Amino acid sequence: MTLEEKLEILSDAAKYDASCASSGSRRHGKRTGNTSVSGICHSWSSDGRCISLLKILLSNVCRYDCAYCVNRARNDVARATFDAEEVIRLTIEFYKRNYIEGLFLSSAVFASPDRVMETMVTIARQLRQREGFGGYIHLKAIPGASLELTEQAGLYADRISVNIELPSEQSLNRLAPQKNKASIIAPMRHLGEQITARHADRRRSRKAPAFAPGGQSTQMIVGASPETDRDIVHLGEALYRKFALKRIYYSAYVPVNLSDRDLPEIAMPPLLREHRLYQADWLIRNYGFEARELLDQKQPNLNEMLDPKTDWAIRNFHHFPIDVNTADYEWLLRIPGIGVTSAKKILSARRFHRLNELHLQKIGIVMKRARFFIQSSQASHLYLASLDPARIKSALQMQSKGRSHGNQLEFNF
Amino acid sequence: MAISSNSISNQVLLHDGTTTGILCALAEGFRLQHTNPALVVEFIGPNTMMPLFENEQHHISSDVPRAGKFLDYIAAKSSASVTRGLLRVLMTQPRQSEPILLRYIQKCVRTAGRIDRSHADDDVKYIHQQQRKVSHEIHRFKGLMRFEQNRDGWLIAIYHPDYEINLPLALHFTKRLAGERWVIWNARYHCGMIWDGNQLNPGFPDDQQASIDDVAPFLNRAKDETETRIQELWRRFHRTVAIENRSNSKLQRQCMPARYWQHLTEMQPRSGN
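Taken in sequence, the protein lines are chains A and B. The letter at position 125 of the first sequence is residue 124 when you use numbering that gives the first Met the number 0, and the numbering goes up by one with no holes. The letter at position 15 of the second sequence is residue 14 when you use numbering that gives the first Met the number 0, and the numbering goes up by one with no holes.
Misleading hints may appear alongside valid ones.
Unchecked claim - Below 16 Å or equal to it, Euclidean Cα-Cα: the simulated EDC-like pairs (lysine to aspartate or glutamate) are: (1) A:K361 with A:D387; (2) A:K241 with A:E289; (3) B:K222 with A:D327; (4) A:K180 with A:E168; (5) B:K249 with A:E289; (6) A:K343 with A:E329; (7) A:K29 with B:E179; (8) A:K361 with B:D121; (9) A:K361 with B:D122; (10) B:K141 with B:D121.
Honestly, the hints are just simulated from the structure, not real lab data. Note that this is a predicted model, so its numbers are computed, not measured.
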């Protein structure tokens with residue numbers, strides 16, 4: 000089989016992994032390559048996702064038979080396995096031409112988990128030691144591989160991830176019979192402990208070896224199993240807290256295996272749901288929200304018509320309007336239409352003079368959303384008095400409806 | 000040459016439009032208004048219309064040490080990040096925004112740089128916006144630059160940016176591709192940067208007719224089979240990594256505007272051989 004054919008099969012098989020981040024690491028190679036803390040996107044594919052890493056599987060020959068996976072054992076698809084050298088050459092040659100920021104290497108379970116993991120670690124080690132490569136390396140930890148191997152991976156990789164795949168143990172047992180919760184949670188916990196401890200060492204001494212400076216991440220398939228958004232968001236929050244996760248990726252379920260009785264039949268992947276989950280995830284990581292504030296038993300799923308922050312603000316209208324000239328940073332962040340950047344800008348700008356709506360517009364606040372929730376000038380106060388939460392909600396929903404027909408994100412359903 | 004600031008009429012400062020020229024004109028304007036705050040200063044670059052009424056006109060010569068001294072002065076009176084930002088704005092080769100630049104510098108000097116955090120101030124906002132445009136483009140090309148290897152092992156990249164951002168990009172690649180030999184060529188501003196593995200050599204003709212072949216005549220632009228094969232491998236990867244069910248070419252164009260495609264290996268049709 001030619002290298003061209005292998006690359007085609009093994010990039011096609013890897014494309015459902017959502018992660019493409021190349022951020023969080025500051026590394027200099029001995030010969031070629033370095034990493035950029037903010038990450039760099041190198042291209043965009045026709046599905047609009049950014050490409051920053053050479054995202055491939057080492058092999059798509061698999062012993063496992065997970066219902067949602069295109070590479071499951073019973074599927075009749077073309078199979079291929081890279082030699083370690085082929086992966087190394089492709090990475091270096093692509094990197095030199097500035098096609099990529101580095102390598103994202105995952106694999107199907109073509110042999111024992113230990114053997115698979117060992118080959119992947121060898122590739123990363125050779126890239127670092129023999130080739131003097133300083134670009135980004137993201138390694139996938141194979142569930143069931145020994146913790147020592149997973150730990151070794153951290154010495155050469157910038158980021159490691161273990162995919163949790165499904166948001167509950169029941170779904171995992173049903174759809175991925177050869178995997179179990181323990182085999183996924185154990186490496187995640189171990190990595191979380193190692194990352195926390197070694198990053199602390201690193202802060203004490205620059206000579207301490209780097210260990211997965213970009214942290215660990217995971218991925219969850221959304222829409223293949225019956226869990227609600229509430230289940231998912233709560234699980235996410237617990238993972239961030241317990242295992243020091245950097246990111247969780249949500250992947251809208253794409254029906255790759257047709258006519259499987261265990262899986263729902265859908266025409267289009269639930270992209271809007273995925274989008275809303277990412278927004279909720281952002282609120283938890285960067286805006287100081289807690290999962291229980293966003294979703295509860297009464298409202299187990301995110302509102303598709305409104306972003307989760309606006310939805311929260313309308314349900315908690317008694318907190319508003321907020322005066323941007325006096326509110327704390329934490330409260331500025333809770334105003335719809337104000338993000339991390341604009342909240343910080345408000346903090347520094349209001350030390351010079353009181354801010355009115357014109358100033359806020361200049362700072363970059365999305366006034367069409369924020370104006371319902373802030374108290375800055377008399378005009379907006381009057382405006383506010385004439386409205387009640389229900390009417391604001393419908394006004395904002397009209398806005399977002401209008402937008403989906405215009406530019407930005409488009410959902411064909 | 001210093002101009003007497005005793006006269007009451009408006010002062011018109013003519014400069015050559017280069018970064019150094021603009022900085023020297025700003026330095027002169029700053030000096031004039033420092034002694035006489037009521038004085039009106041106008042700036043005329045190479046492509047601006049002469050003012051309708053007769054005013055005192057002064058040609059300001061491009062003087063590198065003077066520009067450098069002025070930058071040092073601003074940095075000392077405000078902060079290094081202010082001068083860094085100004086240099087970014089000057090990369091846009093701004094036309095007719097010298098008065099804003101001058102006001103911004105005056106405010107920075109007056110407030111020891113604190114004004115830079117007053118995000119609702121019009122001048123500060125303008126400067127930050129321009130800065131963001133340049134920084135954004137630099138970041139964008141750190142990803143979108145495409146090198147092609149020639150028969151002699153040199154990596155060659157041609158790109159077409161909006162601004163003159165050769166230097167920050169070259170500095171990025173001297174770290175990233177330190178062990179390689181490469182050339183980057185700014186096809187819009189007709190200037191390049193060469194890294195021979197040890198040293199960065201800038202300073203190529205800013206001639207509107209110049210092409211990369213004038214810059215590096217020793218470079219053989221012909222590529223060999225290995226290069227063709229690697230480019231084809233990359234095109235294949237780029238094609239297969241997209242998920243068909245999520246196709247969204249509008250988003251692709253939004254993130255990677257079509258004006259950049261000309262020099263992107265993956266957006267070229269498959270080569271003939």
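Hints, one by one, checked against the model:
1. Simply put, A:K361 and A:D387 have alpha-carbon atoms about 27 Å apart, too far for the 16 Å limit, and the pair is violated.
2. Proximity of A:K241 to A:E289 is assessed by CA-CA distance (about 15 Å); at most 16 Å being required, the pair is judged to hold.
3. With a C-alpha separation of about 60 Å, the suggested pair B:K222 and A:D327 falls outside the 16 Å cut-off, and the hint is violated.
4. For the hint linking A:K180 to A:E168, the alpha-carbon distance of about 6 Å falls within 16 Å, and the restraint holds.
5. Among the hinted pairs, B:K249 with A:E289 is inconsistent with the structure: their alpha-carbon atoms are about 34 Å apart, more than 16 Å.
6. Taken as a hint, the A:K343 and A:E329 pair is honoured in the structure, with Cα atoms around 10 Å apart against an allowance of 16 Å.
7. At most 16 Å may separate the alpha-carbon atoms for a hinted pair to count; A:K29 and B:E179 meet this at roughly 12 Å.
8. At roughly 8 Å between alpha-carbon atoms, A:K361 and B:D121 fall within 16 Å of each other, so this suggested pair holds.
9. Annotation: proposed proximity of A:K361 to B:D122 holds, straight-line Cα distance about 11 Å (limit 16 Å).
10. Our distance criterion of 16 Å between C-alpha atoms is broken by B:K141 and B:D121, whose separation comes to about 30 Å.
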